[in-house]
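Enquirer: Chains A and B, in that order, give the protein sequences.
Residues 1 to 116 in my numbering are what the first sequence lists, from first letter to last.
Residues 117 to 230 in my numbering are what the second sequence lists, from first letter to last.
Rather than coming from a laboratory, the hints here were simulated on the basis of the structure.
It is possible that some hints are incorrect.
Calculated pairs, DSS-like style, for lysine-lysine (alpha carbon to alpha carbon, straight line, at most 25 Å) [claimed, not checked]:
{"hint": "1", "chain 1": "A", "residue 1": "49", "chain 2": "A", "residue 2": "77"}
{"hint": "2", "chain 1": "A", "residue 1": "22", "chain 2": "B", "residue 2": "173"}
{"hint": "3", "chain 1": "B", "residue 1": "117", "chain 2": "A", "residue 2": "58"}
{"hint": "4", "chain 1": "A", "residue 1": "77", "chain 2": "A", "residue 2": "22"}
{"hint": "5", "chain 1": "A", "residue 1": "49", "chain 2": "B", "residue 2": "129"}
{"hint": "6", "chain 1": "A", "residue 1": "22", "chain 2": "A", "residue 2": "69"}
{"hint": "7", "chain 1": "A", "residue 1": "22", "chain 2": "A", "residue 2": "58"}
{"hint": "8", "chain 1": "A", "residue 1": "77", "chain 2": "A", "residue 2": "58"}
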Amino acid sequence: AQSVAQPEDQVNVAEGNPLTVKCTYSVSGNPYLFWYVQYPNRGLQFLLKYITGDNLVKGSYGFEAEFNKSQTSFHLKKPSALVSDSALYFCAVRVLMNTGFQKLVFGTGTRLLVSP
Amino acid sequence: KAGVTQTPRYLIKTRGQQVTLSCSPISGHRSVSWYQQTPGQGLQFLFEYFSETQRNKGNFPGRFSGRQFSNSRSEMNVSTLELGDSALYLCASSFLGAHTDTQYFGPGTRLTVL
């Protein structure tokens, strides 16, 4: 089945340190990958996406993600974490359905906790 | 541009009742998708509408239905509510729903079934 996996339920990092939230994917064909963030009692906010081109994608709020085809990974990174980055992060992939149209399939989410 | 809006933000219903949730997409967006988010199942795709037609449907029972209007606004309906329908229901819009399009999400409607 086409899917994404987020192997860590929670990531803890100190403010000012670099952070990485991991995501691996399994799709047939070209992967179209997305990262979203969710704050408590809120919807999902789009951070960045990989469609094609440069393997390093820059997004909102200083986040970036590195696409690695050989490792089928799309890890989210930030050079210096802020306490306000504490939230739930979702990796997602576009999946082609038998209708010929696509849907987003999400990972299980990773809770990021940034301590002061 | 205004973002995706969803109404109501919170709902409390009892088993057996039905509920209708509303979503207004970003201006110019024609594709609207609905997702259910629960602690146990995570984010699950419900259905997608484009130009008033349902293009995709997830693995949910027929109690879950939706529609889209000519102005791209969408509603979803859940009939004969069950306790397990308690969830955050998220609506997302995109320009055409193409594979490269970004889906932008609304704040969600929190449904509690008692």
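Enquirer: A separate judgement is required for each hint: does it hold in the structure or not?
Expert: Results for each hint:
1. A/49 / A/77: Holds: residue 49 of chain A and residue 77 of chain A sit about 13 Å apart, inside 25 Å.
2. A/22 / B/173: violated, 29 Å
3. B/117 / A/58: holds, 22 Å
4. A/77 / A/22: holds, 9 Å
5. A/49 / B/129: violated, 37 Å
6. A/22 / A/69: holds, 14 Å
7. A/22 / A/58: holds, 16 Å
8. A/77 / A/58: Since the Cα atoms of residue 77 of chain A and residue 58 of chain A sit roughly 10 Å apart, the hinted pair holds (cutoff 25 Å).
In summary, the numbered hints that this structure violates are 2 and 5.
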